[in-house]
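Using the sequences plus the hints, can you model the full thing?
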Amino acid sequence: MGGVSLFIPCSVDLLLAELGQATVKLIRRAGQNPFYRPEQTCCGHPAITSGHTDLAVNLAKRFVEIFEKDDCIVCPAGSCVYTIKHLYPRVLKDEPAWQQRARALATRVYELSEYMVDVLGVEELGAVFQGKVAYHESCSLLRHLGIDQQPKRLIAGVKGAELVPLTEADTCCGFGGEFSLRYPELSGAILGDKVQNFINSGADVLLLSDPGCLLNIAGYLSRNHPEKKVMHLAQFLAANLREEVTA
Amino acid sequence: MASNAREEILGQLRMAKRQVSPANPAVGESEQPVKGEVEVFLREAQIVSAKVTVVPGKEAIAQGLMELLGDKEVKSLLVVEDRRLDNAGLKKAARELNAEYISAWDLSEKEYQEKAFACDVGITCCDWGVAETASVVIFHRVDAPRLPSVSPPVHIGILYADKLLKTMKDLSLVIKQQEPMPSAVTIISGVSRTADILLTPTLGMHGPLEVGIILVEEGESV
Amino acid sequence: MIPQTERYREMVLESLRNERQRQLAGRVAGIFKFLRSYALQSYEDPAQVMRNVADTRARSVENMPELLERFEERAAAAGAKVYWARNSQEANRIITDIVTAKGIKLAVKGKSMVSEETELNHVLEKAGVEVFEGDLGEFIVQQLHQPPFHIVGPAINLSAEEISDLFVSLMGIEPTHDPVALGRAARVYLRDKFASAGVGITGVNVAVAETGSICLVENEGNIRLATSKPRIHIALMSIEKVVADIGEALEAIGLLTKSCTGQKISSYVSVITGPRKDGESDGPDELHIVILDNGRAAFYQDPELRQALRCIRCGACLGVCPIYTRIGGPTYGWIYSGPMGAVLNPLLLGVNRCQDLFEACTQCGFCQEVCPGGIKHLEMFNRYRQMVIHGYSALNVRKEPKKGTRFMKLFAWGMGAAWRYRVGAKLGRFFLKRYVKDGKIHALPILKGWFQYRDLPGPAPYTFREWWASQESKSVKHSAGKEGSVTHGQ
Numbered sequence: 001m002g003g004v005s006l007f008i009p010c011s012v013d014l015l016l017a018e019l020g021q022a023t024v025k026l027i028r029r030a031g032q033n034p035f036y037r038p039e040q041t042c043c044g045h046p047a048i049t050s051g052h053t054d055l056a057v058n059l060a061k062r063f064v065e066i067f068e069k070d071d072c073i074v075c076p077a078g079s080c081v082y083t084i085k086h087l088y089p090r091v092l093k094d095e096p097a098w099q100q101r102a103r104a105l106a107t108r109v110y111e112l113s114e115y116m117v118d119v120l121g122v123e124e125l126g127a128v129f130q131g132k133v134a135y136h137e138s139c140s141l142l143r144h145l146g147i148d149q150q151p152k153r154l155i156a157g158v159k160g161a162e163l164v165p166l167t168e169a170d171t172c173c174g175f176g177g178e179f180s181l182r183y184p185e186l187s188g189a190i191l192g193d194k195v196q197n198f199i200n201s202g203a204d205v206l207l208l209s210d211p212g213c214l215l216n217i218a219g220y221l222s223r224n225h226p227e228k229k230v231m232h233l234a235q236f237l238a239a240n241l242r243e244e245v246t247a
Numbered sequence: 248m249a250s251n252a253r254e255e256i257l258g259q260l261r262m263a264k265r266q267v268s269p270a271n272p273a274v275g276e277s278e279q280p281v282k283g284e285v286e287v288f289l290r291e292a293q294i295v296s297a298k299v300t301v302v303p304g305k306e307a308i309a310q311g312l313m314e315l316l317g318d319k320e321v322k323s324l325l326v327v328e329d330r331r332l333d334n335a336g337l338k339k340a341a342r343e344l345n346a347e348y349i350s351a352w353d354l355s356e357k358e359y360q361e362k363a364f365a366c367d368v369g370i371t372c373c374d375w376g377v378a379e380t381a382s383v384v385i386f387h388r389v390d391a392p393r394l395p396s397v398s399p400p401v402h403i404g405i406l407y408a409d410k411l412l413k414t415m416k417d418l419s420l421v422i423k424q425q426e427p428m429p430s431a432v433t434i435i436s437g438v439s440r441t442a443d444i445l446l447t448p449t450l451g452m453h454g455p456l457e458v459g460i461i462l463v464e465e466g467e468s469v
Numbered sequence: 470m471i472p473q474t475e476r477y478r479e480m481v482l483e484s485l486r487n488e489r490q491r492q493l494a495g496r497v498a499g500i501f502k503f504l505r506s507y508a509l510q511s512y513e514d515p516a517q518v519m520r521n522v523a524d525t526r527a528r529s530v531e532n533m534p535e536l537l538e539r540f541e542e543r544a545a546a547a548g549a550k551v552y553w554a555r556n557s558q559e560a561n562r563i564i565t566d567i568v569t570a571k572g573i574k575l576a577v578k579g580k581s582m583v584s585e586e587t588e589l590n591h592v593l594e595k596a597g598v599e600v601f602e603g604d605l606g607e608f609i610v611q612q613l614h615q616p617p618f619h620i621v622g623p624a625i626n627l628s629a630e631e632i633s634d635l636f637v638s639l640m641g642i643e644p645t646h647d648p649v650a651l652g653r654a655a656r657v658y659l660r661d662k663f664a665s666a667g668v669g670i671t672g673v674n675v676a677v678a679e680t681g682s683i684c685l686v687e688n689e690g691n692i693r694l695a696t697s698k699p700r701i702h703i704a705l706m707s708i709e710k711v712v713a714d715i716g717e718a719l720e721a722i723g724l725l726t727k728s729c730t731g732q733k734i735s736s737y738v739s740v741i742t743g744p745r746k747d748g749e750s751d752g753p754d755e756l757h758i759v760i761l762d763n764g765r766a767a768f769y770q771d772p773e774l775r776q777a778l779r780c781i782r783c784g785a786c787l788g789v790c791p792i793y794t795r796i797g798g799p800t801y802g803w804i805y806s807g808p809m810g811a812v813l814n815p816l817l818l819g820v821n822r823c824q825d826l827f828e829a830c831t832q833c834g835f836c837q838e839v840c841p842g843g844i845k846h847l848e849m850f851n852r853y854r855q856m857v858i859h860g861y862s863a864l865n866v867r868k869e870p871k872k873g874t875r876f877m878k879l880f881a882w883g884m885g886a887a888w889r890y891r892v893g894a895k896l897g898r899f900f901l902k903r904y905v906k907d908g909k910i911h912a913l914p915i916l917k918g919w920f921q922y923r924d925l926p927g928p929a930p931y932t933f934r935e936w937w938a939s940q941e942s943k944s945v946k947h948s949a950g951k952e953g954s955v956t957h958g959q
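Protein chains in written order, with our numbering: chain A, 1 to 247; chain B, 248 to 469; chain C, 470 to 959.
Mixed in with the good hints there might be a few duds.
[Stated by the list, open to error] So, partial list: chain B residues that the calculated Cβ filter (under 10 Å) puts toward chain C:
1) E254
2) Q259
3) A263
4) L289
5) A307
6) Q310
7) L394
[To be verified] Here are some of the chain A residues that sit facing chain C, going by a computed Cβ distance under 8 Å:
8) I8
9) S11
10) E18
11) A30
12) P46
13) H52
14) A56
15) N58
16) G126
17) V128
18) F129
19) F175
20) Y183
21) I199
22) G202
23) G219
For the record, the hints were derived by calculation from the structure and aren't laboratory data.
Where is the CB? At the ideal position from N, CA and C, for every residue including glycine.
Rendered as structure tokens:
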């Protein structure tokens, strides 16, 4: 199926719809046709990482069935893309036929900035922002998917935006899914340091590419530093797009 | 009882499903060790706090020793005499330093070991060097004991430049050629050190506090 | 060291409250992390070396029984006596018997994690043998009866004052806060022990099958002294230390030192093959090598768990772990700390009693990225989590379903069909909206851990799918909307 099939994580669907909207806006701005399969639910990441791999088998199969007819699947969440590409083969290891299907599908699943830069060759979408930004390297993108240049190229493509160094940008924000619930003090300590590094960087806004990191850091800022801003890269780009001059 | 332990352990290991493979295919049988460069050795020696003096030939070894030790008060030198040091003039150098010259071979084993702990300077030949890490390597044999390069507070090693290798990999090729293996091979790279207290790097711990290397440019070491 | 892994949560809170320790853990880790990445640059191709060593370790582990047999054969041919021990008691007994049979009363020790596994020092002392750790950091924590703070720097958390107090009472020196002076004092004090000890006891960093050699890596010189002067040398190694040849050994050692302390190579690497030969004037008359299993052959059966044996004890994972950098070593409750502790302790002590170690992980993956052994820590942790949920008889893991398992079952069921998801979403969002104040949720009756430090955003008035459905139907009405081209929906 041609066009761009959107995989919108459950967290985004339920709590961060604006991020999904921004994703759609960017893909359209890049001249592509996104579409959305409403049967989609969740990639199963929380079940897998908590050790309930058996519960994720059906979710993995469901995902494969829904999306394998699509040529190109794009998702604004590193942790979901990591799950689909790297964890599904483990989840489906006892069913080689399904595992094969999952592996074949994985080659067509992209994280959003990866899709923009590597597939479309687009780095400038026409966004303008006068100010300083810092970029937090979500673990799922940086280490699990090897995606670090693409988001930075998209930031470089924003006219007027200055990317400032962020101390320990490559260090975890402390979310870790259920970790944040079960070991709150440890999570809070890691998160507090991440936020302090952001504040010290002098950036006007912190950018990142994963909804989990976003909820984590935004939640902390809301409680402790409500004047500071964190945004998903997609939302930042979408919000700062100069309106296209239509013919 | 003990052999039961061996059989149990090995038996358990062999029972497991494994991917047994032959030896590392990457190592070529015919690889030859590559020579190292003196400039690299000198640069790296600074990093590991080894003082190096380069002398043209064997006849200048004594002068090298004076350069390394001249500013110190040393009372005794324990020398591991060796064909590579024949006529190097070390006894004369000792006199100039007002230091007692002790040949390890003049002593009984007990006396030698005591002296190794009591002397100020241990002087030994080194069989090989590695430029990338400024290492000197001693193959311990009957004529090359261990203590003089570890227990005295100062160790002076003499290395002939034709024995300088490029990398640790080249050293491993040399070691592979040894048959039989020496009872011990020591790879020395600079002074002893620690950072165990407050992560403060400290030069000198149990081994020598200072290391000097006399690098002899010409002349084939035996 | 008596395991205290069950006290993890308690110790975490203590560690986090200890401002000084927290800062130190962070600083220490930062330093090691920097040293490692700087040192790796000295390789022409660091990634290739990482792959080589990971391959070496993987291959060595797969070939372990053959390599061990070859090592034993070659070591014995060189004059070493080789023993096998199934567990701590056997290893301790073998070593104690050797030492006491010769009437030895004083032993000097090189740092050996395996000897801490077996608590060898304690057993020797009970048998009337005085034991002195030669490594400065180990010596200090031994004298203070404290657990090690970090695998490489066991005493780096201690203040100069604490160490000075110890040395004053032990050695009668003048008090000083100068690390150099303290080091010199230890040199003088321990020199006697090296000179007069009847036995040197060390671990083994790498054992070489081809030659029957053991390789020992150090900076201080205590191992060289302990293996040159005493007449007996006893080396204790666990089964996974063996590699095929000296080339693999030196390559791994070069990566070990860079990963561990940022050094191209340590001050000393000793490659020991048998005891002294006839006519030599120093070196031990006897070399005894004890090969210890201690539970490793049991988990070796599992091809995935077996990768834990690839660890070369470099400690690189500690420096990059967001957890370790906040709590330090003792919080892990046993001799192995940091991510390597979270991998090893469950296998050596029991998965059930080490749960916090592998649960308290954000799965950031930094550890596996820096591991010279190529270990996939996250795979290991995931296996442990699965084992606890379902039980795993091969390793005597008791089934202990998690608190969250019931929720997870409901979650997975709910996500299994679009209509259930939509119903759940409606209920969930309805529930959440009741707690929204000023566009934020500050607290819920559930998920208390989250709200200790954070808010949640008030959910948008619509879900993404509701928005999509509405804008899709709008654009069906207007064929070319403001948003651009007509969408394709299937």
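Each hint tested on the structure:
1. E254: holds, 9 Å
2. Q259: holds, 4 Å
3. A263: holds, 5 Å
4. L289: violated, 15 Å
5. A307: violated, 28 Å
6. Q310: Constraint on B:Q310 not satisfied, violated at 27 Å.
7. L394: holds, 5 Å
8. I8: Since chain C brings a Cβ to about 5 Å from A:I8, closer than 8 Å, the hint holds.
9. S11: With Cβ-Cβ at 10 Å, over 8 Å, it is violated.
10. E18: holds, 6 Å
11. A30: violated, 11 Å
12. P46: Check passed: Cβ of A:P46 comes within 7 Å of chain C, closer than 8 Å.
13. H52: holds, 5 Å
14. A56: holds, 7 Å
15. N58: Holds, about 6 Å.
16. G126: violated, 13 Å
17. V128: At 20 Å from the nearest chain C Cβ, A:V128 fails the 8 Å test, so the hint is violated.
18. F129: This hint is violated: A:F129 lies away from chain C, its Cβ roughly 22 Å from the closest one there, beyond 8 Å.
19. F175: For A:F175, the interface hint holds, since the closest Cβ of chain C sits about 7 Å away, which is under 8 Å.
20. Y183: This interface hint holds because 5 Å falls under the 8 Å limit.
21. I199: violated, 16 Å
22. G202: It is violated, given that the least Cβ distance between A:G202 and chain C is near 21 Å, above 8 Å.
23. G219: holds, 3 Å
Violated hints, listed in ascending order, are 4, 5, 6, 9, 11, 16, 17, 18, 21, 22; each of the other numbered hints is respected by the structure.
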